[in-house]
Amino acid sequence: MEEVTIIGVDLAKNVFQVHGAAADGSVVFRKKLSRPQFSRFMAGQSPCQIAMEACPSAHHWARELTGHGHRVRLIAPHYVKPFVKRQKNDAADAEAIVEAALRPTMRFVEPKSTDQQARAVAFRTREQLVKQRTEGVNALRSHLYEFGHVAPVGIGYLPRLGAVLEDPNSDMPPLAREICRELLDQIVHLTGRINAMKKRIDAIAREGETSRRLQTMPGVGPISALAVETFAPPMEQFKRGRDFAAWLGLVPRQASTGGKQKLGKTSKMGQRDIRRLLITGAMAVIRWALRHGAPSNPWLARTLQRKPPMLAASALANKMARGITDATTEKVAELLAQTWRGLLMSRDELSGWLASMDRYSGGGDRPFWLEAYGGRSYPVDRKSSPEPIIVDHLTVAVLGGTQPDKLARLLVSTDDDGLLARFLTVFPDPVPLSRPATQIDTAMVRAALERLRSLGAARDDSGVKRPFYIVFSDAAADALQGFH
Numbered sequence: 001m002e003e004v005t006i007i008g009v010d011l012a013k014n015v016f017q018v019h020g021a022a023a024d025g026s027v028v029f030r031k032k033l034s035r036p037q038f039s040r041f042m043a044g045q046s047p048c049q050i051a052m053e054a055c056p057s058a059h060h061w062a063r064e065l066t067g068h069g070h071r072v073r074l075i076a077p078h079y080v081k082p083f084v085k086r087q088k089n090d091a092a093d094a095e096a097i098v099e100a101a102l103r104p105t106m107r108f109v110e111p112k113s114t115d116q117q118a119r120a121v122a123f124r125t126r127e128q129l130v131k132q133r134t135e136g137v138n139a140l141r142s143h144l145y146e147f148g149h150v151a152p153v154g155i156g157y158l159p160r161l162g163a164v165l166e167d168p169n170s171d172m173p174p175l176a177r178e179i180c181r182e183l184l185d186q187i188v189h190l191t192g193r194i195n196a197m198k199k200r201i202d203a204i205a206r207e208g209e210t211s212r213r214l215q216t217m218p219g220v221g222p223i224s225a226l227a228v229e230t231f232a233p234p235m236e237q238f239k240r241g242r243d244f245a246a247w248l249g250l251v252p253r254q255a256s257t258g259g260k261q262k263l264g265k266t267s268k269m270g271q272r273d274i275r276r277l278l279i280t281g282a283m284a285v286i287r288w289a290l291r292h293g294a295p296s297n298p299w300l301a302r303t304l305q306r307k308p309p310m311l312a313a314s315a316l317a318n319k320m321a322r323g324i325t326d327a328t329t330e331k332v333a334e335l336l337a338q339t340w341r342g343l344l345m346s347r348d349e350l351s352g353w354l355a356s357m358d359r360y361s362g363g364g365d366r367p368f369w370l371e372a373y374g375g376r377s378y379p380v381d382r383k384s385s386p387e388p389i390i391v392d393h394l395t396v397a398v399l400g401g402t403q404p405d406k407l408a409r410l411l412v413s414t415d416d417d418g419l420l421a422r423f424l425t426v427f428p429d430p431v432p433l434s435r436p437a438t439q440i441d442t443a444m445v446r447a448a449l450e451r452l453r454s455l456g457a458a459r460d461d462s463g464v465k466r467p468f469y470i471v472f473s474d475a476a477a478d479a480l481q482g483f484h
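Residue numbers (the UniProt record's numbering): 1 to 484.
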């Protein structure tokens with residue numbers, strides 16, 4: 001019997017279909033198992049890759065099977081559907097899951113922990129209570145409308161509905177008045193449960209480091225922060241902030257072909273709860289800005305001059321999503337405390353990163369990056385502990401690009417505290433946009449990186465390893481001086 005390297009599982013409530021395949025994709029076994037049989041069967045299998053659709057109970061089984069030594073990969077169901085051959089059934093679904101998991105470009109869903117799923121229960125319960133209250137309010141408004149009483153839309157006008165029911169001069173029959181009072185009591189009861197759940201969510205959002213940081217961003221409250229921490233995958237999976245915005249569906253829908261770019265409306269293809277909450281928070285920021293005159297954010301002021309508020313809210317939500325992935329100084333300090341070599345941070349747009357340093361409350365980002373230059377000792381305060389993180393040799397290399405006009409605005413509008421002087425600015429000669437004649441030799445790139453990694457570390461006078469650096473040769477130093 002061939003060795004099984006991957007098992008596809010079509011999950012269900014009582015009957016599980018498993019499809020085992022070898023390294024070349026050939027079928028090793030097909031089995032239909034009950035729930036107890038499935039648990040025993042998987043516990044007896046040698047550690048291998050397990051693929052499942054990211055459906056109900058998938059995260060539970062991912063944790064269970066990981067405990068048996070298996071590597072579990074969850075796939076979004078709409079990525080599996082194209083691999084189903086002809087008729088749909090459990091066996092075909094399990095085989096399609098294996099085929100999808102073997103694709104080298106397949107995207108997988110990160111299994112959730114029990115704490116994440118517990119937070120999801122709190123979030124979904126509040127959403128359900130709000131939906132039930134909205135249904136009750138709409139029903140009450142429609143009943144009163146049949147008797148000539150018109151009430152404005154919104155939960156804030158609920159006392160007006162109660163006043164109508166208590167009006168002795170109203171022509172409502174006693175039966176209708178009594179039933180509407182019961183409906184109003186139900187709405188008041190649901191409001192109390194919603195407020196209690198809101199307090200619980202606020203307490204949960206105060207506990208997490210990520211949710212506390214997110215709440216310092218304008219337009220992000222406890223519910224939005226909890227949604228990001230619960231439903232979003234680890235931010236390390238995204239190479240840049242705009243990838244997270246695209247994952248949320250806050251980018252235009254594409255129908256490009258033949259080298260011609262054609263963009264449409266917002267794609268709305270990602271996690272709908274986070275996207276909705278970010279747009280709601282962006283609208284709150286815009287309403288505040290419009291009420292208080294010109295907003296302090298120059299980008300938002302220019303956008304509101306050109307676009308309607310709702311379009312500006314979508315654009316602002318995109319920027320908020322990109323800002324969510326920003327690395328905090330606390331996290332950078334934790335990484336620096338674990339390595340003496342220092343860190344390299346890559347940013348695709350440096351102007352946005354520099355502007356974001358003054359966006360959050362606290363103002364500790366800019367002094368941190370000012371000191372991340374000479375390799376001196378630096379303490380970083382932690383929100384979760386009174387003890388700071390001590391970085392013995394604070395050194396971070398920052399690599400990125402920016403547009404000349406944005407760089408000019410930064411030079412003019414930013415205080416001369418020396419941060420911009422830390423960067424070596426290079427203006428490359430313009431070149432025609434064209435495809436390279438040959439592909440990049442990845443073997444040569446890998447060899448160069450390995451050689452760079454193998455170079456010896458510098459030590460200070462006491463013999464302690466210092467952050468890694470390379471000294472310019474005399475010719476390189478002369479060329480740099482001439483450039484300056």
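Some hints here could point you the wrong way.
Within a straight-line C-alpha distance of at most 25 Å, the following computed DSS-like cross-link-like pairs (lysine-lysine) qualify [what the hints assert, rightly or not]:
#, residue 1, residue 2
1, Lys268, Lys307
2, Lys31, Lys88
3, Lys88, Lys131
4, Lys406, Lys307
5, Lys81, Lys198
6, Lys13, Lys85
7, Lys85, Lys32
8, Lys13, Lys32
9, Lys262, Lys307
10, Lys32, Lys88
11, Lys198, Lys265
12, Lys131, Lys32
13, Lys199, Lys85
14, Lys13, Lys31
15, Lys262, Lys331
16, Lys81, Lys31
17, Lys81, Lys32
18, Lys13, Lys239
19, Lys31, Lys131
20, Lys131, Lys268
21, Lys131, Lys239
22, Lys268, Lys239
Simulated from the structure, these hints should not be mistaken for lab results. Just so we're clear, the structure is a prediction, and the values are computed from it rather than from any experiment.
Checked hints:
Restraint check: the Cα-Cα separation between lysine 268 and lysine 307 comes to about 20 Å, which is no more than 25 Å; the hinted pair holds. At most 25 Å may separate the alpha-carbon atoms for a hinted pair to count; lysine 31 and lysine 88 meet this at roughly 17 Å. For the given pair, lysine 88 sits about 34 Å from lysine 131 by alpha-carbon distance, which is inconsistent with the 25 Å threshold. Proposed proximity of lysine 406 and lysine 307 is supported: the alpha carbons are some 21 Å apart, at most 25 Å.
About 38 Å separates the Cα atoms of lysine 81 and lysine 198, which puts this hinted pair outside 25 Å; it is violated. Straight-line distance between C-alpha atoms of lysine 13 and lysine 85 comes to about 24 Å, which keeps the hinted pair within the 25 Å bound. Using a Cα cut-off of 25 Å, the hinted pair lysine 85 and lysine 32 holds, with the two alpha carbons roughly 19 Å apart. Our distance criterion of 25 Å between C-alpha atoms is met by lysine 13 and lysine 32, whose separation comes to about 13 Å.
This hinted pair checks out: lysine 262 and lysine 307 have alpha carbons roughly 20 Å apart, not beyond 25 Å. Distance restraint check for lysine 32 and lysine 88: the Cα-Cα separation of roughly 16 Å lies within the 25 Å cut-off, and the hinted pair is therefore satisfied. For the hint linking lysine 198 to lysine 265, the alpha-carbon distance of about 33 Å lies beyond 25 Å, and the restraint is violated. Our distance criterion of 25 Å between C-alpha atoms is broken by lysine 131 and lysine 32, whose separation comes to about 39 Å.
With a C-alpha separation of about 49 Å, the suggested pairing of lysine 199 with lysine 85 is violated against the 25 Å cut-off. Proposed proximity of lysine 13 and lysine 31 is supported: the alpha carbons are some 16 Å apart, at most 25 Å. Annotation: proposed proximity of lysine 262 to lysine 331 is violated, straight-line Cα distance about 39 Å (limit 25 Å). With a CA separation close to 21 Å, the supplied pair lysine 81 and lysine 31 stays within the 25 Å bound.
Under the criterion of a C-alpha separation no larger than 25 Å, the hint pairing lysine 81 with lysine 32 is consistent with the structure, at around 20 Å. For the hint linking lysine 13 to lysine 239, the alpha-carbon distance of about 37 Å lies beyond 25 Å, and the restraint is violated. A threshold of 25 Å between alpha carbons decides the hint, and for lysine 31 with lysine 131 the separation of about 42 Å lies outside it, so the pair is violated. This hinted pair checks out: lysine 131 and lysine 268 have alpha carbons roughly 22 Å apart, not beyond 25 Å.
The straight-line distance between the Cα atoms of lysine 131 and lysine 239 is roughly 36 Å, outside the 25 Å bound, and the hint therefore fails. Distance restraint check for lysine 268 and lysine 239: the Cα-Cα separation of roughly 21 Å lies within the 25 Å cut-off, and the hinted pair is therefore satisfied.
Hints 3, 5, 11, 12, 13, 15, 18, 19, 21 from the list above are not met by this structure, while the remaining hints are.
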